[in-house]
Amino acid sequence: MSYSILTCFDILLILTLLWLGWRLLSTEDIFKAVVLFISFGLLMALAWVRMRAPDVALAEAALGAGLTGPLFLAALRRMKRIHKGERRLDSDENRGEDHEADPEQTQAA
Amino acid sequence: MIFLHADTPAWMLFPIVLPLIAGLLCFLFSRRTFVIALAAVLANFLVVCLLIYQLLVFGSMRCHMGGWQPPLGISLRTDGPALLMLLMTAVTGLAITLYARGYFSYRIFDPPRAGRHQRQQRFFWPLWMLLLAGLNGLFLSNDIFNIYVTLELIGISAASLAALSGKPASQLASFRYLLISLLGSLTYLLGIVFLYRSCGVLDLDLLQNLSNNGPGVRAALALMSVGLLLKTALFPLHFWLPPAHANALAPVSAILSALVVKGSFYLLFRFWFEIFPSTITTPALNFMGTLGAAAILWGAIQAMRQHRLKLMVAYSTVSQLGYLFIAFPLARVDGSAQLWSIVIFMALAHSCAKSAMFMVAGTVFLHLGHDRIKDLSGVRATLPITVFAYGIAGVSLMGLPPSGAFIAKWMLLSSSLASSQWWWALVVMSGSLLAMIYVFRVMSRFFVIPEGVSFIRPAPFSPLLEWPALALALISLFLGLVAPWPLHILSQGSTALAQSFPGGLP
Amino acid sequence: MITTLLYSLTGLILFAMGLFTLIVHSHPLRKILAVNVMSTGVFLILVATAYTPLGQGEIDPVPHAMVLTGIVVSVSITALALILACRVQETSNLDLLEKSKQSKARKESGA
Amino acid sequence: MTWGQWLLVSILLSSFLPGIIIFALPEEKHHLRTILNLCGSTLKIALILIMDTWIYLGHSFEIRMVIIPGVELLLNGDPLSALFATLSSVLWLLTTVYAVGYLEESPNRSHFFGYFSLCVTVTIGIALAGNLVTFLLFYEMLTLTTYPLVIHRGTEKSLRAGRNYLIYAFSGGAVFLFAVVWLQAVVGPTDFSGAGFSPSFVDTHSTVLVLIFILLIIGVGVKAALVPLHGWLPQAMVAPAPVSALLHAVAVVKAGAFGIIRIVLDVYGAQNLLLLGVLPLLAGVATITILYGSVRALQQDGLKRRLAFSTISQVSYIALGMSLVDQPLALIGGLVHLVHQGLMKITLFFCAGNLAETLGIHRISEMSGVARRMPLTMAAFSIGAFGMIGIPPTVGFVSKWYLGLGGLAAGNWWVVLVLAVSSLLNACYFLPILTKAWFGKQQGPWPEELYVGRFETRLMLLVPPLVTAFIVMAAGVVANAQISPLAWVRFIVREYGL
Amino acid sequence: MRRTRNRHKRLDGFQRLFLLLVICLTALLGAILCTIHGPTPGLADAVAQFQEQSGVESPVTAVLLNFRGYDTLLEVMVLLLAVIGAWSLTEAPFPDQITEISPVQMGAVRLLAPVMCLVAAYLVWQGSHLAGGAFQGGAILGAAGVLLLVSELPWLRSTPVFSLRIGLVLGPLVFVGTALFCLFFTGDLLGYPEGTAGWLILLIETACALSIGLTLASLFAGGRPEDEVVLEHKPVDQSFNGERS
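Chains as they are written, first to last, in the working numbering: chain A, 284 to 392; chain B, 3 to 508; chain C, 10 to 120; chain D, 185 to 682; chain E, 580 to 824.
Because the hints were derived from the structure by calculation, they are not lab data.
The beta-carbon is built from N, C-alpha and C at its ideal position, and this holds for glycine as well.
Incorrect hints may appear among the rest.
With a straight-line Cα cutoff of 20 Å, these simulated EDC-like cross-link-like pairs (lysine to aspartate or glutamate) come out [as the list claims (entries may be wrong)]:
no., chain 1, residue 1, chain 2, residue 2
1, D, K620, D, E640
2, D, K213, D, E289
3, B, K376, D, E340
4, A, K363, A, D293
5, D, K341, B, E276
6, D, K620, D, D485
Which residues of chain B face chain E? A few of them, derived with a C-beta cut under 8 Å, are [claimed, not checked]:
no., residue
7, I23
8, M67
9, G68
10, G69
11, G139
12, L155
13, S159
14, N211
15, N215
16, G216
17, P217
18, A221
19, A296
20, L299
21, W300
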């Protein structure tokens, strides 16, 4: 009888996972997708526990959700800032590193 | 204390561990990185020579990591093909290391962008050393999951190297390269999952002995092959290769074209003909051959149409990789021993010739500031050695005698004619002719004397830029003359190979 | 057994969804997300393979170790890919800016 | 290694090493370069003469190197290779002298002479090749080493010519490679043994063997400029005169012709070819080429172009001789023409180069009265032209005589007809030049008078054509003597037991 | 963005074809998966058999750091490679603006960071017998690093780069060093001498956890520190770039 309860839990978990996965891949807003991805990761941790893989669950919770999420958010923020056309004035490397395709400039140098 | 003797299997650890440590040190220290890298590459070369000696004297060896026998532990093994690939990596790597030194010191001399060039050099060495470790690990590994880790090691370092030039085009290409290589590794990993599920072991020897032929193994082999094909850039999965290779720095292009694609190809070949020979079918072989033929022709035609030297060389890589696959359908006649010699020869010759060619392209780029093919006139007089190297490398790419590629093409032709599959022979011949056209299209530009110039002074001589390319080109040219040696090494320790196909495939 | 199968199929579907998104969508972040979903799918199949219900024997730890390795690798590649994606945007944006500036300057000098 | 093997190696090295050193020499050291060149070529002649002597005395030597089963490098000194090697080395010495004079003060000489030496090395390699694989090796290398010479001027026109040359030559090479591999797959190793493969294969594989023969002839026919594979040759005239001389008389065209000889005599063997019945095919192609080349030569005004078409026509005499392989006399005619045509054609090209270099004359219409300005050059030219027409006592007559006799002996009256028509045509395109040069009146100043001095032109340009012209006469006069090309060819034919 | 939306709304021909292909392949692979669930032993028994000798109680840790320690060695390299790659690409971006950090947030950081370090240490320690280990501990450390980075603590920017590099390389170096040490003592790479396995594994795990934490935090920072590449205007080495005579 506990078997059937477990199976019900399994099916519920799987459906949620699939739904989250689908949403995060298809939602139009990238930010929303990232948030969904974090929750997907947390749910995955649950799935790992269910699979009797506590090591993987810990790693998933810490790495998958805990670090990948912030990484995505940071990248998103960085890209948005680029999108606004904001420019950093400090480093020379950002000033178009493509001089090499430009013969005049190289020869002048 | 255990001391290393000539017959100690532990020697085979050094080609992996030495570059690994060198990579760490190169990252840790910002000075003398070249010296560290050079020491590692030289030591690697010596150890590989020792390993070959070991193979010739004591035969194929296994080295068990941590003393754990498979299936529990990971093992490395040396055999003929693996050692030849190691040798190829060591020789090409040595030349590339020297060339990279010349390349960077030439560029750093250019004050306005010295900072950027300094940074490129700063990160080139650790990335290259770790890539070398990954490649050596890949060739030696005998564990299917360990191969996955080495693949990732190679993929990440290769993508980082490809982005090193900092040009937007190179970064975009590198991003795609990273994703593709990731996709390839994931597909490969999925294959491992299927394999583990059906066989329950990860060691290649055990997998070979199981000779499981069920649908799980078939699916696994298909998945792994697709993943590796993505990384090998076989037509039509080659789309990522030309931009990534052509936009990178010249030493990086040489590494990517000469070594990285060979790694995944080597695996693919090994899986097909050594580990799972009973799984493959004639239609699959013919399919691969067809793709290879398409790659030869398509790559060569694209190479002919390019306006930039590096792009041309990159497309030529696409074309040359096709030759490796066109050998597949010939397995039905010759068994895998002959096949190994074809592909190994092809790989060796191509690796040397192609890295020489990318070096030439880089040197020309450094001197002219561009690599537009139509404006290359007069280079013959400015960089005579470089142009000579280009010519010789071109001869090798065309497969003219006595280059190593000629030997490979000869074997291809005779196998295909002997098995009355003459259409493969026709493709090989037309591929050579197309290669002639694209090689000499550039060559003739080198020879043009610009209008109104009677005498061109040779450029300042930079030995480290010019000699490595020439040396590699010469090696690829004379590889054909010393063919008995590689064949001898190849026949060593691959007795299992010969037995696995007693009378050829069904 | 049914549990193993259920989770394996889920992993496979996740892999397929990720693959489809990776090829079809063009936004770099979405591509990276897709790759992450794919890898999660593969890991799920692998762990499900090792699963044995409680009290029916030892769990095979090798796939778990493999998945741990895989997770770490995938995190590092994700981080690298994200930074690379940012760089692509930065440089191409700046490149566009430079170019428009140059063309503007050319126009002005021409006028 | 035995001394004979050392001899073979040193014959190759005697031009290879100077070539490599010349590449490394700086541009300015032209004296050192000249000395190197001359020493190398003299040494080579000496070595080859030693080899000839020993071959005549019945020794034979070979170097064999097995690369993979089926691919062997084999260098072999036999009478036939001695013939070609001697011709090449003698003409190389003369051409070197000529080239030194011709290229005085022009740029990129170290480059030029480097490839020049390599080119001769490769030609000698072709002569010494002991099997089809080795022949193929040197055959492809010949294309590579001559290409930089063809495009030496670096102009767009020369690049175009070079491209065409490459496409023709490498396509031929590819066909040849294909045929060689196929032949090996059918009959096994293809050493130049003198007898050809076992006749038993003819019964079992006759269609395939015919096909392979056609492919092989196409492969070498590109370099031998058989119609319709001749397109590259007239275009390659943009190269400097020594190069043209080399291409036409010594290296490229001759390599093709030599290939035909090897295939007919050594690879297939006369008996097998007769059994296969492919010789009429070769005869047909040769006839068409002879007549077509002559007719086209008639239409040309450019002196070098006319000579080029004349080459196309003349080289096919060799093919014609080979197609009558069962007739020893015709065989002698064809073989000896290998030498004779080289001597005559190199004389003509030297003279054409002299005219261009001294007076800037490139066209026949500009040649009126030129003999009064350059009598010695035109005398040499006339001897060469008479040889081409086949007037006794020049060597051209000897070749045609033997070919004709051979044809008659076989009852092939058409051979004589072809020879007659071709000689007539030769006369038609050479005699007007001669009359114009000797008896015409100078019309206005020369196009571009570049040299005024004690002699009619630079001494180094003048001597080589005089020497070759002398040989053209002398070899014809003493054809029956102990030492002459003809005598050696008879020796060869004896060796082949025909 | 707009382009993505458009594409998303309606799939074009190629995409539909691809969808079909993916569905077919998935179905095929699923079917194969269903057929191969047969009883394969896996390596559970082998691991259990040698668990005693591995020096740790947790089977996963035993596989990770003993039986298949070589994999883990390479994997640690992969992590380091990601940092090298990231550093080679770009500098760490500057924050939008230096905002005053609220005392509440500061307090939270003051409280959380040490606790996280403690948790990390505990995870590494318990890795030998329960779930946990270098990766999990390192991840927690990395999270702590992220927390510090987000709070824009000024002293973070003034950390000498060389020490950062040492920290990053420490784990891999200790790992390789231990592996070589074992090689010279037992003749096997990572073949721990009798009785020392537990301690050596703990050593490796501790070093790796530190490095992994630093690595993850560096990856979060998004690029190399500012003064990573110091300009050296040294003349080109004459021995390598001599004039052609």
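A quick look at each hint next to the structure:
| no. | hint | in the structure |
| --- | --- | --- |
| 1 | K620(D) - E640(D) | holds, 19 Å |
| 2 | K213(D) - E289(D) | holds, 12 Å |
| 3 | K376(B) - E340(D) | holds, 12 Å |
| 4 | K363(A) - D293(A) | violated, 39 Å |
| 5 | K341(D) - E276(B) | violated, 54 Å |
| 6 | K620(D) - D485(D) | holds, 13 Å |
| 7 | I23 | holds, 6 Å |
| 8 | M67 | holds, 4 Å |
| 9 | G68 | holds, 4 Å |
| 10 | G69 | holds, 4 Å |
| 11 | G139 | holds, 7 Å |
| 12 | L155 | holds, 6 Å |
| 13 | S159 | holds, 5 Å |
| 14 | N211 | violated, 15 Å |
| 15 | N215 | violated, 12 Å |
| 16 | G216 | holds, 7 Å |
| 17 | P217 | holds, 5 Å |
| 18 | A221 | holds, 5 Å |
| 19 | A296 | violated, 20 Å |
| 20 | L299 | violated, 24 Å |
| 21 | W300 | violated, 19 Å |
Hints 4, 5, 14, 15, 19, 20, 21 from the list above are not met by this structure, while the remaining hints are.
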